[in-house]
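Work out the full structure: start from the sequences and follow the hints.
Counting from 1, position 302 in the sequence shown corresponds to residue 302 in the numbering used here; the numbering is continuous, with no gaps.
Keep in mind that the hints were calculated from the coordinates and are not lab data. No residue lacks a Cβ here, since even glycine has one placed at the ideal position from N, Cα and C. One or more of the hints may lead you astray.
Unchecked claim - Per label pair, the in silico range of CB-to-CB distance:
| no. | residue 1 | residue 2 | range |
| --- | --- | --- | --- |
| 1 | Pro327 | Leu200 | 36 to 42 Å |
| 2 | Thr261 | Val30 | 51 to 57 Å |
| 3 | Leu200 | Arg325 | 36 to 42 Å |
| 4 | Val286 | Gly40 | 24 to 30 Å |
| 5 | Val286 | Arg68 | 31 to 37 Å |
| 6 | Val286 | Leu123 | 55 to 61 Å |
| 7 | Lys94 | Ile10 | 45 to 51 Å |
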Amino acid sequence: MRWSFRIGSIAGIRVELHVTFLLFVGWIVVTQGLFSGRPGNALASLALILMVFGCVLLHELGHALAARRYGIRTRDIILLPIGGLARLERMPDKPAQEIVVALAGPAVNVAIAAVLGVVLGRLGRLGGPFTDTLLGGGLAESLLAINLVMLAFNLIPAFPMDGGRVLRALLAMKLSYVQATRIAARIGQGFALVFGVVGLFYNANLLLVGLLIFLAAGEEHAIVRTRASLTGLPVRAAMITQFDALDAHDPLQRAVDLLMTGSQQDFPVLAGEVPVGLLTRAELLVALQRLGPAGRVGEAIAPHGEVADAAEPLEHVLQRMRVRRRPALPVLSGGRLVGMVTLENVSELLLIQQALRRPPGGAPGSASGGATGGASSGASGGATGGVALL
Numbered sequence: 001m002r003w004s005f006r007i008g009s010i011a012g013i014r015v016e017l018h019v020t021f022l023l024f025v026g027w028i029v030v031t032q033g034l035f036s037g038r039p040g041n042a043l044a045s046l047a048l049i050l051m052v053f054g055c056v057l058l059h060e061l062g063h064a065l066a067a068r069r070y071g072i073r074t075r076d077i078i079l080l081p082i083g084g085l086a087r088l089e090r091m092p093d094k095p096a097q098e099i100v101v102a103l104a105g106p107a108v109n110v111a112i113a114a115v116l117g118v119v120l121g122r123l124g125r126l127g128g129p130f131t132d133t134l135l136g137g138g139l140a141e142s143l144l145a146i147n148l149v150m151l152a153f154n155l156i157p158a159f160p161m162d163g164g165r166v167l168r169a170l171l172a173m174k175l176s177y178v179q180a181t182r183i184a185a186r187i188g189q190g191f192a193l194v195f196g197v198v199g200l201f202y203n204a205n206l207l208l209v210g211l212l213i214f215l216a217a218g219e220e221h222a223i224v225r226t227r228a229s230l231t232g233l234p235v236r237a238a239m240i241t242q243f244d245a246l247d248a249h250d251p252l253q254r255a256v257d258l259l260m261t262g263s264q265q266d267f268p269v270l271a272g273e274v275p276v277g278l279l280t281r282a283e284l285l286v287a288l289q290r291l292g293p294a295g296r297v298g299e300a301i302a303p304h305g306e307v308a309d310a311a312e313p314l315e316h317v318l319q320r321m322r323v324r325r326r327p328a329l330p331v332l333s334g335g336r337l338v339g340m341v342t343l344e345n346v347s348e349l350l351l352i353q354q355a356l357r358r359p360p361g362g363a364p365g366s367a368s369g370g371a372t373g374g375a376s377s378g379a380s381g382g383a384t385g386g387v388a389l390l
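Okay, here's the thing in structure tokens:
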């Protein structure tokens, strides 16, 4: 995600912090104590925020470790002012597995709240009415209350939040995955509108959460539709067969000439007749700054580049392109370069499929918008997160 930077890794999973998180922390510290001349309040607020986001991080780690159990890797965990986001390479295909992954995060909050409850109970700090203890207590009591709020909030069936993913998985046990996602997404967007209205009057963070849920629900619905449209199609159905290729010994100037005189943006690179990688437009620009136009193409590409087989399922290749963040891949058949698959061409394929399915006289604009959005989303992965409203 843009504007985020790495702060470390846990269990082999990269953890990133969004820059807005630092702005948020600074704003809390200033408003809670420094302006009023009470630095002690500022330090207490800072400590609470850091502990809360420690809980959010553990919540996201719960999702990631549960997904790992099913062979699903987590690209990274990002901490945002409104909570956290674990970006999985994909969501589980089986509803029961999705339920486990979705509930793993809230289960962490249950465990944290249980530990805090036991500790506070033994210290005699849970006496009297439970709500009074939580609302009027110290740091530990506040952290217990926040974990209970996070638990309840994340279990709201607002797809793609945790509760919404459980709802989608339960629906998918009776309906098709596309139908289940469509229903869950609509329910999630309904909740998002409610959050937005309430947030206008009570909590600006809730307004932002509602906006993100609304957009994410539509995005994930588009991902699922795209996957369904591509199911059963081989890579050769979407590959282009008329393209220019480069030799690893060619100067970068040749790539510049091909880029300027045609519409092709990415170029397969050969060593003799053997494909060795792909030179993208972005890599070409970086290499020109580093090597100049006389530099060799082979020096500008990563060795052992990713390739696709013409008979390979198209949806699997799109998944690999997303993981490797590649806009295109060379396509081989029998070890020989026969084409290229690009995200743009997959979008064209989806447009054609929707046009063929549309009844005569249907509005062409609706097909265009749906297919383009679905193709761009098809290269995206699943994400599941926890929300902390402060």
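Right, here's what the structure says about each hint:
1. Pro327 / Leu200: 36 to 42 Å: At 39 Å between Cβs, range holds.
2. Thr261 / Val30: 51 to 57 Å: With a Cβ separation near 56 Å, Thr261 and Val30 satisfy 51 to 57 Å, so the hint holds.
3. Leu200 / Arg325: 36 to 42 Å: Given a distance of about 37 Å, which is inside 36 to 42 Å, the answer is holds.
4. Val286 / Gly40: 24 to 30 Å: 50 Å, violated
5. Val286 / Arg68: 31 to 37 Å: Because 33 Å falls inside the window, the suggested range holds.
6. Val286 / Leu123: 55 to 61 Å: 58 Å, holds
7. Lys94 / Ile10: 45 to 51 Å: Violated - the Cβ-Cβ distance for Lys94 and Ile10, about 26 Å, lies outside 45 to 51 Å.
In summary, the structure is inconsistent with hints 4, 7 from the numbered list given earlier, while agreeing with the others.
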